[in-house]
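*Asks:* The hints should help you fit chain B onto chain A, whose structure is shown.
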Amino acid sequence: MTGASAVSIEDLSVYLGGRTVLEDVNIEVKEGDFLGLIGPNGGGKTTLLKAILGLIKPPRGRVLVLGMSPEEARKRVGYLPQKSLFDPKFPISALEVVMMGRYGKRGLFGRYSPEDRDAALAALSAVGMLEEKDREIGGLSGGQQQRIFVARALVSEPELLLLDEPATGIDSSRQREFYELLSELNEKMTIIMVSHDISAVSTYVKKIACVNRKLYYHSSKELTAEDIEEAYQCPVEMIAHGVPHRVLREHD
Amino acid sequence: MPRGDDRPRRPPSGFEGARLTMIEIFAYEFMQRALFAGVIASVLCGVIGIYVILNRIVFIGGGIAHTAFGGIGLGYLLGMDPLIFAVLFSVAAALGIGAISDRSRVSEDTAIGVFWAAGMSLGIVFVSLSRGYAPDLFDYLFGNILAVSWNDVLLISVLTLGMIILVALLYKDLLILSFDPSYGEAVGLPTRELRLLLLCMVALSVVVLIKIVGIILVIALLTIPGAIGRQHAQSLKRIMAISIFLGASFVLVGLVLSYQLNIPSGATIILTASGTFFASTLLTR
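For the protein sequence lines, the chains are A and B, in the order given.
Quick note on my numbering: the first sequence kicks off at 1 and runs consecutively.
Quick note on my numbering: the second sequence kicks off at 1001 and runs consecutively.
It should be emphasised that the hints constitute simulated quantities derived from the structure, not laboratory data.
Note that the structure is predicted; figures quoted are calculated from it, not measured.
The beta carbon of each residue, even a glycine, is placed where N, CA and C say it ideally should be.
Be a bit skeptical, because a hint or two may be false.
Restraint ranges, calculated between C-beta atoms of paired labels, are given here [stated by the list, open to error]: (1) B:Glu1193 - A:Gly67: 27 to 33 Å; (2) B:Phe1030 - A:Lys57: 57 to 63 Å; (3) B:Val1039 - A:Lys57: 47 to 53 Å; (4) A:His196 - B:Lys1237: 35 to 41 Å; (5) A:Lys75 - B:Lys1237: 25 to 31 Å; (6) A:Glu187 - B:Thr1281: 47 to 53 Å.
No farther apart than 20 Å at their CA atoms in a straight line, the calculated lysine to any residue pairs in the SDA-like style are these [what the hints assert, rightly or not]: (7) A:Lys30 - A:Glu184; (8) A:Lys89 - B:Pro1181; (9) A:Lys188 - A:Gly32; (10) A:Lys133 - A:Phe178; (11) A:Lys105 - B:Ser1182; (12) A:Lys57 - B:Asp1102; (13) A:Lys214 - A:Asp11; (14) A:Lys57 - B:Gly1188; (15) A:Lys89 - B:Gln1234; (16) A:Lys75 - B:Gly1188; (17) A:Lys105 - A:Asp118; (18) A:Lys105 - B:Leu1170; (19) A:Lys83 - A:Leu182; (20) A:Lys214 - A:His196; (21) A:Lys89 - B:Phe1278.
Next up, chain A with everything else stripped away, as it sits in the complex (with noise of 0.2 Å):
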């Protein structure tokens, strides 16, 4: 954690479609930070997190993820997508999933090795879930499929993970008990984190940036109401109680 660069974009801008989902995006997140990104449906959070991964080929502006191409980086990136539409019945063990993370490792007709599945079952340890390794991923309840997800962008012993609204399908109770996880891991990694849950960000996120189209961020917690009205393009009431910034919208 020597303060060296973990991802550096510079006015980077996605046209999708037609339409202009980024727009002069410029942001630096130092290696150990915890950032959350938030910001309303169709802001551009998953696409900035594809353009990290190199995903998106960004027509204007560079990024750079750890010094390097996006693509040269991947192996070094963990990933969670958004909850995924997968078959709940698909006939697959919790360990077989978490084991498709080290496919960066082993290539296209690349064979795991006994490495490979120790690496996993570490994985699945430090979520916590290494008792349920051979129980079919579609008997876990949501949270434990998350922590199964979790694992399986953890098993590459990545140096950088990226999380796309990792909460959904935990039951709020569980909630608590799933961010400290993460916090937990921010301690060996650095951490991006697309999320709605505007609270739970502020509290164990160390930064917050706001996307909608353009990126709201000024290297720490706070954002002003400005920004978090700009991007939102709505009304929000600021309510800070000890917790940084409570966002709450207000609706017509």
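*Replies:* Leaving out everything else, chain B in the frame of chain A:
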């Protein structure tokens, strides 16, 4: 009764009406070939079928099979082996349906429908242009496992072996593709190419199965064993093993029944399979 007769050829007149034991039935070489081809095809169905189910491409399989009829027609027209052209047409259909639904604004089921109907129409036009007598045309539509030659058995074996090797090499990759393709894309899996490859594997499987159950019934034999296997097992490899066993049983039972009752073999095999499927579905509700 249609001209193409895919009922088992009864032994010479002295046996007429007699019920034969299994051993006596399989003393005939055409029955041995049929059983051989059926068991090997069951291995193929068991390995490929579960991917067809998990990737929800059953009806792409149907589209590919029906497009293959165009190739069979062309084979008649040129006086060459229809199966060779069936291979070409079905692979073209796999790549065509895959590419269209991938890139253009045409949805997948529309592409399937167009290929399906265009392939059948081409086949009919080619056959009518050939003006020849096409006695076994009906066999290609509804299958005739009893007309399988040793050459066909060889072709089926080679294709099946190739497919098993591919699945073994790409096992982990196909698992990611089937379970969570968007995650696969994010970690660098060439999902588009892999999906096209899977469709081509389905296309080749379809050609193998055309000889046995025919174009119209292909998707049933490809998917029913896997569908039942899935009701009873939680791991992919175990489902494959169950499917192979079930597929071989359907072929064997169907073959014997069709012989004893003097009814078409392809349809009997599929009715045996679908009957088992309904029973299994009711039991595992």
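*Asks:* Would you list, in rising numerical order, the hints stated earlier that this structure does not obey?
*Replies:* none
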